[in-house]
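Visitor: Heads up: the protein sequence lines correspond to chains P and C, in order. Numbering follows numbering that gives the first Met the number 0, in which position 179 of the first sequence is assigned residue number 178; successive positions increment by one, without gaps. Numbering follows numbering that gives the first Met the number 0, in which position 33 of the second sequence is assigned residue number 32; successive positions increment by one, without gaps.
Misleading hints may appear alongside valid ones.
[As the list claims (entries may be wrong)] Listed below are the simulated DSBU-like cross-link pairs for lysine-lysine, each with C-alpha atoms no more than 35 Å apart in a straight line:
#, chain 1, residue 1, chain 2, residue 2
1, C, Lys50, P, Lys176
2, P, Lys159, C, Lys50
3, C, Lys216, P, Lys111
4, P, Lys159, P, Lys2
5, P, Lys111, C, Lys112
6, P, Lys21, C, Lys50
7, P, Lys176, P, Lys132
8, P, Lys117, C, Lys215
9, P, Lys2, P, Lys132
10, C, Lys50, P, Lys119
Derived by calculation from the structure, the hints in this document are not laboratory data. Source: prediction; values computed, not measured.
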Amino acid sequence: MIKLSHVEKTYQGPDGPVPALKGIDLEIASGEIYGIIGLSGAGKSTLVRCINLLERPTAGSVTIDGQDMLALSDSELREARSHIGMIFQHFNLLSSANVYDNIAFPLRLAGKPESEIKAKVTELLRLVGLDQKAHQYPSQLSGGQKQRVGIARALANDPKILLCDEATSALDPQTTKAILALIQRINKDLGLTVVVITHEMQVIKEICDKVAVLDGGVIAERGRVLDVFTNPQQPITKEFISVLLSNDLPAAFRGGAVSQEPSDGAYMLLRLTFIGDSADDPVIADMIRRFPDVEVTLLFGNLDQIKATPFGRMIIGLRGAQEDIQTAIDYLRSRELKEEVIGYVRRNDTPAA
Amino acid sequence: MSDAMTLLLLKSLGETIYMVAISMVIASAIGIPLGVLLLTTAPGGILAAPKLNKVIGSIVNAIRSIPFIILMVAIIPFTRLVVGSAIGTTAAIVPLVVAAIPFIGRQVETSLKEVPYGLVEAALSMGATPLQIIRRVLIPEALPSIIAQLTTVIISLVGESAMAGAIGGGGLGDLAIRYGYQRFRPEVMLATVIILIVLVQLVQFAGNTLARHLNKK
């Protein structure tokens, strides 16, 4: 388990101290994939470096599996670091060494015999699917292949923890998916604790169990990814999520002022969120069948997955008599979904009544 | 040109190569570690020691600011102490080495600076010691660039060795001055100039080829 308590990091800038982390408390359980998301400058890279002490916190404590990292001597720290794998945005491979030697690098640092190194590197090459590339140099590889080498190198010393610092930020969407799938497989097969630093909500959504949103050196919000996604509290979190989940209304409604008061001929806009099995239920069809007097118009719909959980979002417009609408909403409330009234809006292609 | 003159040319070429080669070997043995020290002891470096870095940097700058011809004369007592004489080809090696060490130090420092910090950070994250980082990351990654820089140093040593010839060091420069200039033998002057040009071309070609061969980027 990784435990950060009141971690602070302040850099000495030319114009005085610059705080990067302002008191971070974080617990990451073994075997978890924990995402830390933030805009650039939020302090996320500093935070992940405080785990293996590439950055020394100015205050607070860092404990890994009960071991106080800040109390370690230089050689003890090096030993501890060799059991924490790390991968980087720009891969940081040795350009002068081929794939084999890059993966063998941490083993050679540890002074392992060549026979053992050969066996381990061969196994790792197979794990990351680069058996054929052992004698190529990094400059001959694609970005995705370079990150696979980075992952193999990070796993060479059988670490218990893998730190990923923007590991997919330099990759295209397809390659990102493949690398994330690989990280997820490693997490499952090897039981590795994974800490993922990213500025992309997509990455969090794809593989993380939990997420912490970092903003201005503090954790603004944290929790299970599903909870944070379906019920974001902070504006910064909502912003990250909105990139992924479009809320745009169809053209006929766009531009019209959304009022909080019902008015004649206006649609009541309702945002529905379906999580898990309820995403598969024909809730809307049932509602239409039960309340034929309520006019239902579908304005936006999206079905997605958070890790393995189906997650649907929909915006519908309801129009009809007040009491009919109310009973329809009551019916929706009785089903396993979350609903939220956004407001009332008129179609802007119909003449005002 | 007479056979005797051809022999003299060959002998002088041999002396030049001897002076440059020996100076280069000794100066590299000290200058390369100096370059590593200049980089790694800088603030934020893996062996950060800002005060030491300032001291070394100042000494390097001081020696580099002395024109070679003056340095050569100024350190005569030191040369005498080291090789027992201030005259001769071997004696010329001492000022050449003294001038080349800080030059190599700065050139190597520049080469090492080009190694992305991310590589150092990656090695640190794997538990590498500072010495391992120097030996297994910085030097191998910077090697093509270091070779290119050392080639430049060799070429400037060829030039400086000619100056050393003026105080009795022998070599092609000495020959060109004594025979070509003082005895009005333009053909000797021309021959030495051509030999020097060919020598420099060969050194540059060899350096480029080696650097290119080592560069896997």
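Visitor: Now tell me if each hint is right for this structure.
Guide: To see whether the hints hold, each was checked on the structure:
1. Lys50(C) with Lys176(P): Answer violated: Lys50(C) to Lys176(P) is near 49 Å, above 35 Å.
2. Lys159(P) with Lys50(C): Since the Cα atoms of Lys159(P) and Lys50(C) sit roughly 39 Å apart, the hinted pair is violated (cutoff 35 Å).
3. Lys216(C) with Lys111(P): holds (28 Å)
4. Lys159(P) with Lys2(P): holds (14 Å)
5. Lys111(P) with Lys112(C): holds (30 Å)
6. Lys21(P) with Lys50(C): holds (31 Å)
7. Lys176(P) with Lys132(P): holds (21 Å)
8. Lys117(P) with Lys215(C): Judged against 35 Å, a Cα distance of about 22 Å means the pair holds.
9. Lys2(P) with Lys132(P): Distance of about 38 Å is beyond 35 Å: violated.
10. Lys50(C) with Lys119(P): violated (43 Å)
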